[in-house]
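Novice: Sequence:
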Amino acid sequence: MVRPGPKRPSRIPERKAGMVAIPPNDRGQTMTERTTTMRTELALLLALATLWGASYSFIKIGVETIPPVTLIAARTLIAGTLLLAVIRWRGLAMPRDFATWRNFLIQAALNSVLPFTLIAWAERSVDAGMAVILNATTPIFAFLLTALLTRHEALTARKAVGVAAGIVGTGLVIGVQALDGAGQDVVAQLAIVVATLCYAGAAIFGRVFKGLDPMMPAAGSLVCGAAILTPLSLLVDAPWTLAPSAESVAALLGLSVFSTALAFVLYFRLVYTIGSVGTTAQAYLRVPIGVAIGVVFLGETLSPTAWAGFACVIVGVAAMTIPAKLKPLAA
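Numbering-wise (the UniProt record's numbering), the sequence shown opens with residue 1 and increments by one.
Honestly, the hints are just simulated from the structure, not real lab data. Owing to the predicted nature of the structure, the values given are computational and were not obtained by experimental measurement. Be aware that one or more of the hints could be misleading.
Said to hold, decoys possible - Within a straight-line C-alpha distance of at most 25 Å, the following computed SDA-like cross-link-like pairs (lysine to any residue) qualify:
{"#": "1", "residue 1": "Lys-210", "residue 2": "Val-315"}
{"#": "2", "residue 1": "Lys-159", "residue 2": "Leu-234"}
{"#": "3", "residue 1": "Lys-210", "residue 2": "Leu-145"}
{"#": "4", "residue 1": "Lys-210", "residue 2": "Ala-154"}
{"#": "5", "residue 1": "Lys-210", "residue 2": "Leu-110"}
{"#": "6", "residue 1": "Lys-210", "residue 2": "Arg-269"}
{"#": "7", "residue 1": "Lys-159", "residue 2": "Gly-275"}
{"#": "8", "residue 1": "Lys-159", "residue 2": "Val-296"}
{"#": "9", "residue 1": "Lys-210", "residue 2": "Leu-197"}
{"#": "10", "residue 1": "Lys-159", "residue 2": "Val-315"}
{"#": "11", "residue 1": "Lys-159", "residue 2": "Leu-197"}
{"#": "12", "residue 1": "Lys-210", "residue 2": "Ala-281"}
{"#": "13", "residue 1": "Lys-159", "residue 2": "Ala-203"}
Generate the whole structure from the sequences, applying the supplied hints.
Specialist: Dropping the structure here:
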């Protein structure tokens, strides 16, 4: 009888609840090497938060001379193509069955077509910093939708504080201007809130892709988004007649290549190395970064009530995403 050889170590990291995942080839590292590795991953986490925080400023510059539908059609087409190239480089193949692509199409509507376009339309009148604050409430709305639709999320005291802080923060950002009769700005801000609800719905629907390499639904949904938006752009905007500025074109490329394609690559690497819980830290890191980018590079300012709303949103998102008990690194 032939005895089976020893099993090869899996490349999938072993995870325990609340613990940072360590790839198998890192388990033999010295403490110094482990510290260096963690510093690298934290630097990448900061880079991810910066890329996603900068996306709102890229959009603000892009929509100055590129209509929202055309801007987002180009964004999804460029980023989707780049992610397909990354998948091919990794030696993987996209699914070919109808059911999976139907789900990619639904995810595209929830995660790119509707929210990307709504945010781009809104930023014609709303500052990038305001957009990043409102859009940061996605984890809060995701929890509320999950509690209402699937009822498998328990409402703890910490989550209740997070929900309340997020709602108060959103109200502070929008409410004062609504009372002042700001009109178009309020409608645009509400469009960003609707986009946030779409992202929350996408987070819930994304569970249907369990077992699939996570980069595939990202690429598939972006490609489907481009398939929806490109014909619409041709019909509505006639992009061949446009004369976008060099700044808007550069912003579109930055948005597509760095804040979408590269950001997704970093995101999935971080999910592998520090785990999904650790990666959620970008949700509250990107808010101050996004606001700071708008202030420094676009000369934006926030009202005192908007700053108060900003603080409430940070508290709310942190309460919803930071685990109740932090455990040490796995040995």
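Novice: Please go over all the hints and tell whether each is borne out by the structure.
Specialist: Evaluation of the provided hints:
no. : hint               : verdict
1   : Lys-210 to Val-315 : violated (30 Å)
2   : Lys-159 to Leu-234 : violated (44 Å)
3   : Lys-210 to Leu-145 : holds (19 Å)
4   : Lys-210 to Ala-154 : holds (22 Å)
5   : Lys-210 to Leu-110 : holds (17 Å)
6   : Lys-210 to Arg-269 : holds (17 Å)
7   : Lys-159 to Gly-275 : holds (21 Å)
8   : Lys-159 to Val-296 : violated (33 Å)
9   : Lys-210 to Leu-197 : holds (21 Å)
10  : Lys-159 to Val-315 : holds (11 Å)
11  : Lys-159 to Leu-197 : holds (18 Å)
12  : Lys-210 to Ala-281 : holds (22 Å)
13  : Lys-159 to Ala-203 : holds (17 Å)
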